[in-house]
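S.K.: In case you want the letters, here they are:
Protein chains: 2
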Amino acid sequence: MKSPVQFYFDFSSPYGYLAAMKIDELAAKYGRDVEWHPVLLGVIFKITACLPLTQVPMKGKYSEHDFARTARFHDIPFVMPTVFPISSQHAARAVLWVANTKGRDRSVAFAKALYRAFFVDQINISGAEQVIEIGRQFGLDAAALEQGIATAEVKDQLKMEIDDAIKAGVFGSPFVIVDGEPFWGFDRFDQIEATLKNGKI
Amino acid sequence: MKSPVQFYFDFSSPYGYLAAMKIDELAAKYGRDVEWHPVLLGVIFKITACLPLTQVPMKGKYSEHDFARTARFHDIPFVMPTVFPISSQHAARAVLWVANTKGRDRSVAFAKALYRAFFVDQINISGAEQVIEIGRQFGLDAAALEQGIATAEVKDQLKMEIDDAIKAGVFGSPFVIVDGEPFWGFDRFDQIEATLKNGKI
Chain C
1 MKSPVQFYFD FSSPYGYLAA MKIDELAAKY GRDVEWHPVL LGVIFKITAC LPLTQVPMKG
61 KYSEHDFART ARFHDIPFVM PTVFPISSQH AARAVLWVAN TKGRDRSVAF AKALYRAFFV
121 DQINISGAEQ VIEIGRQFGL DAAALEQGIA TAEVKDQLKM EIDDAIKAGV FGSPFVIVDG
181 EPFWGFDRFD QIEATLKNGK I
Chain E
1 MKSPVQFYFD FSSPYGYLAA MKIDELAAKY GRDVEWHPVL LGVIFKITAC LPLTQVPMKG
61 KYSEHDFART ARFHDIPFVM PTVFPISSQH AARAVLWVAN TKGRDRSVAF AKALYRAFFV
121 DQINISGAEQ VIEIGRQFGL DAAALEQGIA TAEVKDQLKM EIDDAIKAGV FGSPFVIVDG
181 EPFWGFDRFD QIEATLKNGK I
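So the protein lines, in turn, are chains C and E.
Residues in the first sequence are numbered from 1 upward in steps of one, following full-length UniProt numbering.
Residues in the second sequence are numbered from 1 upward in steps of one, following full-length UniProt numbering.
One or more hints might be untrue.
Just so you know, same-sequence chains aren't split out, so a pair can sit in one copy or run between any two.
Unchecked claim - Computed list of lysine-lysine pairs in DSSO-like fashion (alpha-carbon distance at most 30 angstroms, straight line):
#1 K22 - K102
#2 K197 - K61
#3 K22 - K2
#4 K200 - K22
#5 K46 - K59
#6 K112 - K167
#7 K61 - K167
#8 K197 - K155
#9 K197 - K59
#10 K22 - K112
#11 K200 - K167
No lab work stands behind these hints: they were computed from the structure.
With these hints in hand, go ahead and build the complete structure from the sequences.
M.R.: As structure tokens, this is what we get:
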């Protein structure tokens, strides 16, 4: 089995959402699994001194236009959230807790459910209560999830995941690493596919 | 005749260079001319508070890797300049002067020659003297070019071009506008093509 594709994303990232809807299918086409890594851009942006796209003068309005257009171009449902950006640490912790307790497949499916809640169903997933409610609808034990995401263990795990991501050079969302080769942005999926197919560009 | 595609670029922009090597061919495929607009990102970045990509922590190293990889992916010759970024006002003024005195086609061909000098032949085109020398090799009257780019008329023309670009929403390079629809980045050429083909996405 070839080594898995490493996929880094923030739940508040529109291009991260678009990538999340496509990455498993793309990797599977070339016989690869995907390891999903939730990160917090808020932490990473302290290093890069970057702002969320929508808060950059001139870029902000264009970006919202481009999120929706890019989603249409790739036939992915998308509704711009009315509250944006949001803090995504509860969602990120929840995904780690589900990976720890229910395994990777359930965790990835739950990550997709959280992303769809935010970028399709207009649910603000910044609060623990919304994340837990989405977990309940997803079939998780709401009380166990609530406890789980509040543990020091899961909080520390997310911090370590982010540290590891930064060490691997991750500075944005989506960020994909294929056999050590880094790709930033949903608009690098063509180059990711060429790398998966041919081993290099 | 359909209205021309508006193409904005900075001579110090690697993705602008890649776009410059492809935009005429892409537009021509759909029966469109291209209007080339040199701009100075240094002026625009004062509004957006952005840094050149290579100066952003973490992004810098990745960006240089991505410039070269993206060039290979699209079969475009590319050598990362040793001095980067550069100030590009002399090159931009020269292109405007050639457009004024020799017409649009010569101006576009000269812009491509300047871009190739910087991103293929490792010539630092920041100084007036290098721009004039490239002009001489291109077949221009070097003395006339030297005089031309030093006139208040051409300097004011570049300022007005940049003002107009900012009013049109241009905040990066390359930036392309098709019938009012804005696209930022060489990686939007797939969406530009779809728009040229179908009128919208």
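S.K.: Each of the hints needs a verdict: does it hold here or not?
M.R.: Evaluation of the provided hints:
no.	hint	in the structure
1	K22 - K102	within (23 angstroms within a copy, 49 angstroms between copies)
2	K197 - K61	between (36 angstroms within a copy, 25 angstroms between copies)
3	K22 - K2	within (19 angstroms within a copy, 35 angstroms between copies)
4	K200 - K22	both (20 angstroms within a copy, 23 angstroms between copies)
5	K46 - K59	both (20 angstroms within a copy, 13 angstroms between copies)
6	K112 - K167	within (26 angstroms within a copy, 39 angstroms between copies)
7	K61 - K167	between (32 angstroms within a copy, 13 angstroms between copies)
8	K197 - K155	neither (37 angstroms within a copy, 49 angstroms between copies)
9	K197 - K59	between (34 angstroms within a copy, 26 angstroms between copies)
10	K22 - K112	within (11 angstroms within a copy, 37 angstroms between copies)
11	K200 - K167	within (23 angstroms within a copy, 41 angstroms between copies)
Hint compliance for this structure: hint 8 is the single one not met.
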